[in-house]
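Guided by the hints, dock chain H onto chain A, whose structure is given.
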Amino acid sequence: MPSLSSLAYYAIHPRELRQIIQWKVWHNPVHERDETKDPASLKRCFDFLHLTSRSFTAVILELHPELLVPVALFYLALRGLDTVEDDMTLSLDTKEPILRNFHDILEEDGWNFDGNGPNEKDRQLLVEFNVVVEEFKKIKPAYKAIIKDITKRMGNGMADYVKNAEFNVNGVDTVADYELYCHYVAGLVGEGCTRLFVEGGLANAALLSRPELMESMGQMLQQVNIIRDIKEDHDDGRRFWPKEIWSKHVDKFEDLFKPENKELALNTSTEMILNALNRADDCLYYLAGLREQSVFNFCAIPQSMAIATLDVCFQNHDIFKKNVKITKGSACQLMTESSQNLQLVCEVFRRHTRKIHHKNNPHDPNFLKISITCGRIEQFIESIFPSHPKPVDMKSPASIEEAAKKKVEDAEAKWDTIYLILAVVCTILVITSSMIFIAWLAGARFDIAFAQLKEQLGDLFSWSSNSTIAEVAKDASGHSEL
Amino acid sequence: MDHPRVLVTGGTGFLGSEIVKALVETKSFEITVIDLNPPALGTASFSDVRYVRANILNPAELAEVFMEARPSIVVHTVGVYPLGEARYHMQGKEAVFQINVTGTMNVLQAAKTCGAKGLVYTSSVTVLLDELQADFRNADETWPTGRATTSYGQSKTVAESLVLSANTTDFATCSLRSAPIFGPNDPATIPILHGCIRRGETPFILGDATNLVDFVYVANVADAHVLAARNLLNSATAAGEAFFITNGEPITTRDFCVALWKEFGHIPRFQIKIPKGLAWWMGWGAEWVCWITGTEGTFSRGAIYDATKWGYVSISKARRILGYNPRVKLPEALKLSGQHFRQQFSDRVKK
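Protein sequence lines correspond, in order, to chains A and H. Following the numbering used here, the numbering of the first sequence begins with 1 at its first residue and continues without gaps. Following the numbering used here, the numbering of the second sequence begins with 1 at its first residue and continues without gaps.
There's no promise every hint is true.
[Stated by the list, open to error] What follows is a set of in silico ranges between Cβ atoms, one per label pair, in the way DEER data are often shown:
| no. | chain 1 | residue 1 | chain 2 | residue 2 | range |
| --- | --- | --- | --- | --- | --- |
| 1 | A | 291 | H | 343 | 52 to 62 angstroms |
| 2 | H | 187 | A | 291 | 53 to 63 angstroms |
| 3 | A | 354 | H | 165 | 37 to 47 angstroms |
| 4 | H | 25 | A | 211 | 27 to 37 angstroms |
[What the hints assert, rightly or not] Here are some chain A residues pointing at chain H (derived, C-beta under 7 angstroms):
| no. | residue |
| --- | --- |
| 5 | 52 |
| 6 | 372 |
| 7 | 390 |
| 8 | 456 |
To be clear, the hints were calculated from the coordinates, so they are not data collected in a lab. Glycine included, each C-beta is placed from N, C-alpha and C at the ideal position.
Only chain H is shown next, with the shape it has when bound in the complex:
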């Protein structure tokens, strides 16, 4: 039987490789991966997946690869996110927009030209939640986007509307707005939070630590992509729609951190609560210190807003239309990630 052909952009990255793995496991797709990098050492690569090196900023290269692979469906996961302080200011905005927006435009163009039937786009909850000074409780997809104040949130919003407005009867598109992703090989969430232990930051709590936020385990996001790809190829009830994809278990940032630190055998021995008002001034002061000394700090008002705001969403639309169900629950997900990183850190020490 002829399996539908699927092309995954960024398929050797953290999320991309997990999506490829999930697609391979269904045994019902013929897969092509494009990425700037070959599969990294220690991550899974699959013998019957075709890996092609290509840059999404090069339309000619893309067109060539797409014409050759002739995918029925494209899964577009490539994106960059500025980390640390860069997340909160607009410097470097052009680079972010170039990859997240221009790159998406190129992929859309290539997909349409090669006759693909649809495209699944990896968006982010930040399209809504990155309006940093606002709180979001149980928000759903009917909430209006376009108010994000970070370069990442804005670039994702623009790219997402490009993808959704490209939806036609011959070319079905949908957008999966994923919460912050974590899991084994995770390049950001876990290493950053783990770094707090080394820097002695774990006893400090910003605000009252009752604000709930969402996370999502990488395998669950991968499941959602497979479900979306299948939906667009079959009933296409998801065409033109955006979906929040989270673990469906809103939790306070503090508790998520504590549970993660426990995986590394660390439990803060005492706790100091810094009230939100005081923290705001400290962030403001830190920004000035950085400006005067010309250094890059980790503490700023943006980081304070991020740490104290409510930002969780409802995934009932994804459950209803895609049949999405976060298979790996948070306790299991943290255990798996903990195992992986403990191994990695101890290997590093041995070397």
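In isolation and in its complexed conformation, chain A is listed as follows:
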């Protein structure tokens, strides 16, 4: 049941309500899953998917049947890793071997783990992890190999961070460290998904030869989360914003949250957003390599949400005070626009890029760089979807020929239109005249109708033509006597 406050909100934002209704009413999943034949363990896996993932469940569930289960299990495996890494109640000695061996655990019959703290929200997943293992063993070996490889690399990366005392006390140091962290937790997911798509024949294999593109897909999502969650992470004692960036603006990390440092905090957030925004054109490039609609949606929806989130976070001091989110109405609009084609997604990117550009503050040290990055995204979109056709070159012989051909075509099209209009006019004429003829045969009095019409027009424009009316009327009455 919606709360009173949200009802009030939608009462004054009917457009957003409209977007929500449109999404709920008109969106049809690309592929629908038939759950009836699923074994109990797979059903349980999907239960966990619903429990653990908020944003990803919907797009995963609509994936092509070939990839649905592998991607869902991939997601659960990573979620399992994450749950071990995140839990502050676990000792390092317990964590490290689990993280480093998680790829083998995926095939270890009956493995589960109940050592998580009671407050860990996804602890039940690990308690019943045997169902994930059971299903994992059933998928195609090629998919298994990909998921295991990524899990292994991510688990080892996480273990390194968990062991890194410096990171635990002071947070991320340099931009390179920050991007490395994002690589482990998100860039690798991008790689894993891409390899699954290509293996399943649903994406262009060329994507694998441009690894920076899939890396950017993951980096973009993760960096946006880190930017948006600055307040929440700070409250939980975690720091992901690299010192290399914030130390340019404030002396101590805590200073970012002091109200008197508003401008400095905003300058810091601009630099963080700039770093993420630089990935936008790569992401669009990547999306162009996807062949299948459900895979496109799976990738495009989170990206659109990410650029929209960057837009609401840009020059917004609220991110240091509370959790800033895009509204549900805009989220539904973004989902509608991102589940169709690349051109619409480019429109979404262009719209939010322009909004960011519009909010750009000349006092900000990164004013110029933000402006250049916005220009670059705009140019990239223009390069894939030009907004103007190139004018015809009257000098070059090739285009003169082309122009002549076009002229002939235009002339043909013109005559086609003329014939069409003539045909319509003739048809109407034939029908009208035969109707009039039939009416005349049946004894219609056109002279009276005509006179009355004249009279009424006369009234309308107040001509004084009484005499003619009288005459015709007399004539008419005389006629009727016959």
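Here is chain H on its own, set in the frame of chain A:
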């Protein structure tokens, strides 16, 4: 080892001297410079470069210098551009055409006669973009030229087609269409935009300020000329081709101005947006006022079109064929130019 000989026309000018500097830095050319003026005070001149005074409008003089220098490759940078209001009307067209077109013809003739293997011509994006009432987004070199409406754009178009049609197997030519150039010693872009601060024009924005345009830092254009010269002497894949040369960072004019003004410590305290339609009428009115009073104004419809039109291009052809890569990015370029001009302005105050 014998280095190829290169001759640079206009080699003491703003762009010319930067090209000479870039050529000297490669240490693989023997350089002759011709210009009307000796190297200006405060600009770099090089001991192993031969400076000769010559006028490109004097064919006899040119022939003599060229026969003596016997360059393998000629870099022709000489050109004039009318500034301010003169940019938008056709008065003074003859003078512009004489230097930009006749001058280029003379240089081509002299280069061919002395047995040069090629010529690099400094053209301008205006050959395409000076069709003032049209917008250009991400245009490339396949877009047809010849629709420019300014005397400068037209003269550059004619000169460029002369250069490109002179291309033969023995004499390779190419044309570099540079965006508006800025940098230290820049005689136009930066002084003009800096002047807005003094005149109190900085708060006013014409149009919606979303239109993207290109600029280019002088050292990057110089790089492109060196690359083109080398290409024509070696593989000659650039022969007969035109290339857009910009910083590859399209930006709104407004943001470029603001970033530049920031270098001089000025940030407009408020902003007033003048809609394009209103601006057009204001320009029209200003033109009438100027006509009646017989004065020269800075505001006209041409200036409005210039300020509100989209005009940026793609440099992928130059990247692909010449291996061009704008080395100095805009933030760095503006910083360097700002430093130079701050120094120059404060020196001027001291005097």
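Go through the numbered hints given earlier and state which of them the structure violates, listing their numbers in rising order.
Violated hints (numbers, rising): 5, 8; every other hint is consistent with the structure.
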